[in-house]
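A.B. asks: Please take these sequences and the hints and turn them into a complete structure.
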Amino acid sequence: MFAPELGNFPHFHLTDMSSYRTFFNKFFVSILLVFFVGSTAFAQDGEALFKANCASCHKVDADLAGPALKGWRDRAPEGDWIYKWVKNPSAMIATDAYAKSMFEKWKPTVMTAFSHLTNEEIDAIMKYVDDYVPPVAATPVAGAGAGAAEGSDNTLLYGILTLVLALVSFILLQINSNLRKLTDEKEGVIRGEPVPFYRNKAYIMTAILALFAVGGYVTINAAIDLGREKGYQPLQPIYYSHKVHAGVN
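Residues in the sequence shown are numbered from 863 upward in steps of one, following this note's numbering.
In case anyone wonders, no lab produced these hints; they're calculated from the structure. Computed from a prediction, not measured in an experiment: that's the story for all the values here. Just so you know, nobody snuck in bad clues.
No more than 20 Å apart at the CA atoms, straight line, and that leaves these computed lysine to aspartate or glutamate pairs for EDC-like: (1) LYS989 <-> ASP923; (2) LYS921 <-> ASP992; (3) LYS949 <-> GLU909; (4) LYS967 <-> ASP923; (5) LYS989 <-> ASP925; (6) LYS913 <-> GLU982; (7) LYS921 <-> ASP993; (8) LYS962 <-> ASP942; (9) LYS949 <-> GLU983; (10) LYS913 <-> GLU983; (11) LYS946 <-> ASP985; (12) LYS913 <-> ASP985; (13) LYS946 <-> GLU982; (14) LYS913 <-> ASP992; (15) LYS989 <-> ASP907; (16) LYS913 <-> ASP923; (17) LYS949 <-> ASP985; (18) LYS932 <-> GLU983; (19) LYS932 <-> GLU982; (20) LYS969 <-> ASP958; (21) LYS989 <-> GLU940; (22) LYS989 <-> ASP942; (23) LYS946 <-> GLU983; (24) LYS932 <-> ASP992; (25) LYS949 <-> ASP907; (26) LYS989 <-> ASP936; (27) LYS967 <-> ASP925; (28) LYS969 <-> ASP925; (29) LYS921 <-> ASP907; (30) LYS932 <-> ASP907; (31) LYS932 <-> ASP985; (32) LYS932 <-> ASP993; (33) LYS1043 <-> GLU1055; (34) LYS962 <-> ASP936; (35) LYS962 <-> ASP925; (36) LYS946 <-> ASP958; (37) LYS946 <-> GLU966.
C.D. replies: Have a look at this one:
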């Protein structure tokens, strides 16, 4: 029997195997990275294309001027139907039964033809629709109501403290005036009749400034809170969707 000589085969050292393993690991990671980045860019392109071309008439998960697009694969015919429909809906309405039924349901609205879109761009849009997840509504932060109540209580407390301090200041001024009067009588100093506080220019100016500050504070707060009603929908003599008015597509 013929037995090959071992010396005829190349010898691989452990260092060579380690180098090959490192090379293949890097190559595999690079392929995964390219695939991941490509998929992410594809999804982002789909979202951008949807917002640029479709969002004025369609929402993903709700009807607008046209039907909601979520679940389109379960409704539309298979194959290249979606490409033909997006690029030339009028021609499809004339020749395709499902396209005609869609037109009858949503007329007089007629879908705009997007002949400039490629099949790959349409695929990107529909993939964005398929993968769309509605945003989660923000839940109120725990303690937010308590914080608002605490703020109201603090405002009331500050108002009470201001009134108390004003009253104390008035009492101290009266005491000071009486002490000065007693001192003048003891020393024989004759002064004119004191001006009542309601005719004292300093008191009047201080009161005006205080009222101006309080009035300005109340007015500014009222202006800031103006029109913040959640879900505001005024009655209108002619119905007009508030979503369209607010720019919600």
